[in-house]
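2 protein chains.
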Amino acid sequence: MAAKTETIELSVDAFDTDYKRQLTWETLGVGILKCAEAHASRRGFGIYNVNGENHTWVLARLVIELNNTPKVYDEYKISTWVESIYRIFSNRCFSITGADGTPYGYARSTWSLISYSSRKALDLNDLKGMMSEYVSPEIECPITDYSGARLGGNAQQVMTYKVKYSDIDLNGHTNSMKYMEHLRDLFTLDYYSKNRLRRVELQYIRESFYDDVLLFYMQETREKTFDVEIRKTDKSSGTEKEVPVLRSRLCFE
Amino acid sequence: MAAKTETIELSVDAFDTDYKRQLTWETLGVGILKCAEAHASRRGFGIYNVNGENHTWVLARLVIELNNTPKVYDEYKISTWVESIYRIFSNRCFSITGADGTPYGYARSTWSLISYSSRKALDLNDLKGMMSEYVSPEIECPITDYSGARLGGNAQQVMTYKVKYSDIDLNGHTNSMKYMEHLRDLFTLDYYSKNRLRRVELQYIRESFYDDVLLFYMQETREKTFDVEIRKTDKSSGTEKEVPVLRSRLCFE
Numbered sequence: 004m005a006a007k008t009e010t011i012e013l014s015v016d017a018f019d020t021d022y023k024r025q026l027t028w029e030t031l032g033v034g035i036l037k038c039a040e041a042h043a044s045r046r047g048f049g050i051y052n053v054n055g056e057n058h059t060w061v062l063a064r065l066v067i068e069l070n071n072t073p074k075v076y077d078e079y080k081i082s083t084w085v086e087s088i089y090r091i092f093s094n095r096c097f098s099i100t101g102a103d104g105t106p107y108g109y110a111r112s113t114w115s116l117i118s119y120s121s122r123k124a125l126d127l128n129d130l131k132g133m134m135s136e137y138v139s140p141e142i143e144c145p146i147t148d149y150s151g152a153r154l155g156g157n158a159q160q161v162m163t164y165k166v167k168y169s170d171i172d173l174n175g176h177t178n179s180m181k182y183m184e185h186l187r188d189l190f191t192l193d194y195y196s197k198n199r200l201r202r203v204e205l206q207y208i209r210e211s212f213y214d215d216v217l218l219f220y221m222q223e224t225r226e227k228t229f230d231v232e233i234r235k236t237d238k239s240s241g242t243e244k245e246v247p248v249l250r251s252r253l254c255f256e
Numbered sequence: 004m005a006a007k008t009e010t011i012e013l014s015v016d017a018f019d020t021d022y023k024r025q026l027t028w029e030t031l032g033v034g035i036l037k038c039a040e041a042h043a044s045r046r047g048f049g050i051y052n053v054n055g056e057n058h059t060w061v062l063a064r065l066v067i068e069l070n071n072t073p074k075v076y077d078e079y080k081i082s083t084w085v086e087s088i089y090r091i092f093s094n095r096c097f098s099i100t101g102a103d104g105t106p107y108g109y110a111r112s113t114w115s116l117i118s119y120s121s122r123k124a125l126d127l128n129d130l131k132g133m134m135s136e137y138v139s140p141e142i143e144c145p146i147t148d149y150s151g152a153r154l155g156g157n158a159q160q161v162m163t164y165k166v167k168y169s170d171i172d173l174n175g176h177t178n179s180m181k182y183m184e185h186l187r188d189l190f191t192l193d194y195y196s197k198n199r200l201r202r203v204e205l206q207y208i209r210e211s212f213y214d215d216v217l218l219f220y221m222q223e224t225r226e227k228t229f230d231v232e233i234r235k236t237d238k239s240s241g242t243e244k245e246v247p248v249l250r251s252r253l254c255f256e
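Same order as they appear, the protein sequences are chains A and B. Quick note: the first sequence uses the working numbering, first residue 4, plus one each step. Quick note: the second sequence uses the working numbering, first residue 4, plus one each step.
Check the hints yourself; a few may be wrong.
[Stated by the list, open to error] With a Cα cut of at most 30 Å, we get these calculated BS3-like pairs of lysine-lysine:
| # | chain 1 | residue 1 | chain 2 | residue 2 |
| --- | --- | --- | --- | --- |
| 1 | B | Lys23 | A | Lys167 |
| 2 | B | Lys165 | B | Lys123 |
| 3 | B | Lys235 | A | Lys197 |
| 4 | A | Lys23 | A | Lys37 |
| 5 | A | Lys74 | A | Lys7 |
| 6 | A | Lys165 | B | Lys244 |
| 7 | A | Lys123 | A | Lys165 |
| 8 | B | Lys74 | A | Lys167 |
| 9 | B | Lys123 | A | Lys74 |
| 10 | B | Lys165 | A | Lys167 |
| 11 | A | Lys197 | B | Lys167 |
| 12 | B | Lys23 | A | Lys235 |
| 13 | B | Lys227 | A | Lys167 |
[As the list claims (entries may be wrong)] From the derived model, a few chain B residues whose C-beta atoms are all more than 12 Å from chain A:
| # | residue |
| --- | --- |
| 14 | Asp21 |
| 15 | Gly47 |
| 16 | Arg64 |
| 17 | Tyr89 |
| 18 | Ala102 |
| 19 | Glu141 |
| 20 | Asp148 |
The set of hints was computed from the structure by calculation and includes no laboratory data. Ideal Cβ positions, reconstructed from N, Cα and C, are used throughout, including at glycine.
Working from the sequences, and respecting the hints, build out all of it.
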């Protein structure tokens, strides 16, 4: 049996940093997704293992919290383990540490397994036999779970964005980490100069596609805590209505 | 003496592909720049060697031409060598090949060495003693040099773009490869479905900064060949005038 955790080693490239010479959260997010895939595929339930059966893993929620952000040329490691499995969801945690083991931070994620044909989530009990021996609730992930963005009626529409060619990934929809980029672009350079992003929560609700117009609604629900809902216009029912694509909470300090 | 060429090995990650499952030109461009830095730094004239003297290498032109585009999970190599040195410019070429050596394509680039304090280009004869032993005009780079975008008076303004937080790199200006992304976003998904991007030319003229509004002018100067000029409004002289930031030619087939 493979170890319960999988670790990948990375370093911060000059092209993966912002103007403060700090690792971008998009690049960190991609590393987290790669680490998850490495863990699953080496244990028989990766995207290729389940793809053969016409299934794919879908990210439902992601929370990343960093007490310290890796800087240009820093080496860092991402480790992951499965924390729990429910009927249609599995929870996977991550630690992000420096080369010497000092923690930068942690992440929590929730996944479901979707059938390509029915687009419905599968009962993970079918995979549980394979996954359950790796479930490791004893490993500590000391950040709080997804808390849920809740916008009040006075949330402001702060940006509209038309989905472009470069947003679309090999699955034909907007790349999950491109949302992170667009969310971070809601804040000015001046705001980043005075504040550090500490935590991002993402809840993926609906896919968006090329040419979709995304509407960003934002509200500062607590000091330096911003709740965002990305919506798009759904015309499928004959009448136009705004439907949620993603909810996010961004916490600065 | 180190070899005249330096080679780095890469593979196409799922997150670095477009909807056609092909490597994005931005990611390839970053690989090219990394390969250039690896070549220079291992031979005594990299950014760190010259940085100590308060100088930095600046990319003036880049041409990439691909007869075939690497696809998701393909392994590929980038090799680079110095083709020639002039007074204030050096030309560096690249080959992009598959793991088995089959060429995907080539690239050409022109660089100058700038003083941080004066912002002026330095005479490369000062470095020539170190660089000249690596000049390798005998290695073939079978693509044509920068040909120069030339827009006529009837070029259309096709996009405006306000420079965002995510565009700004650790040098405080718009990341050179973010321009590539914005240029590629001038074309629709439908256009990409019917045409393959074969060649991109980039000429960097002026820096742009956070909150600058970039104006994209475009003209199809030959069938499937698009010349683009990115301009911004300069107010430094007291009167507003549009000044060029970048010129580009994109050739599809």
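So, going through the hints one by one against the coordinates:
Pair hint Lys23/B plus Lys167/A holds up; C-alpha atoms about 14 Å apart against a cutoff of 30 Å. In summary, the hint linking Lys165/B to Lys123/B is supported, as the alpha carbons are separated by about 28 Å, within the 30 Å threshold. In summary, the hint linking Lys235/B to Lys197/A is supported, as the alpha carbons are separated by about 28 Å, within the 30 Å threshold. Between Lys23/A and Lys37/A, the direct Cα distance comes to roughly 25 Å. Compliance with the 30 Å bound is thereby established for this hinted pair.
Of the supplied pair hints, the one linking Lys74/A and Lys7/A holds, its CA atoms being roughly 29 Å apart against a limit of 30 Å. Under the criterion of a C-alpha separation no larger than 30 Å, the hint pairing Lys165/A with Lys244/B is consistent with the structure, at around 29 Å. About 28 Å separates the Cα atoms of Lys123/A and Lys165/A, which keeps this hinted pair within 30 Å; it holds. A hinted pair counts as satisfied when its Cα atoms are at most 30 Å apart, and Lys74/B with Lys167/A qualifies at roughly 20 Å.
Between the alpha carbons of Lys123/B and Lys74/A the distance comes to roughly 29 Å, so the proposed pair stays at or under 30 Å and holds. Straight-line distance between C-alpha atoms of Lys165/B and Lys167/A comes to about 15 Å, which keeps the hinted pair within the 30 Å bound. Our distance criterion of 30 Å between C-alpha atoms is met by Lys197/A and Lys167/B, whose separation comes to about 17 Å. Straight-line distance between C-alpha atoms of Lys23/B and Lys235/A comes to about 24 Å, which keeps the hinted pair within the 30 Å bound.
With a C-alpha separation of about 20 Å, the suggested pair Lys227/B and Lys167/A falls inside the 30 Å cut-off, and the hint holds. Against the 12 Å criterion, Asp21/B falls within the reach of chain A, whose nearest CB is about 7 Å from its own CB. Even its closest Cβ contact with chain A, about 19 Å, leaves Gly47/B beyond 12 Å, as expected for a residue assigned away from the interface. With a cut of 12 Å on Cβ distances, Arg64/B stays outside the contact zone with chain A, its closest approach being about 19 Å.
Listed as outside the interface, Tyr89/B is consistent with that label: its C-beta sits roughly 26 Å from the nearest C-beta of chain A, beyond the 12 Å cut-off. Against the 12 Å criterion, Ala102/B stays outside the reach of chain A, whose nearest CB is about 20 Å from its own CB. Once the 12 Å rule is applied to beta carbons, Glu141/B is consistent with being away from chain A; the minimum gap is 31 Å. Listed as outside the interface, Asp148/B is consistent with that label: its C-beta sits roughly 25 Å from the nearest C-beta of chain A, beyond the 12 Å cut-off.
This entry does not satisfy hint 14, going by the numbered hints stated previously; all others are met.
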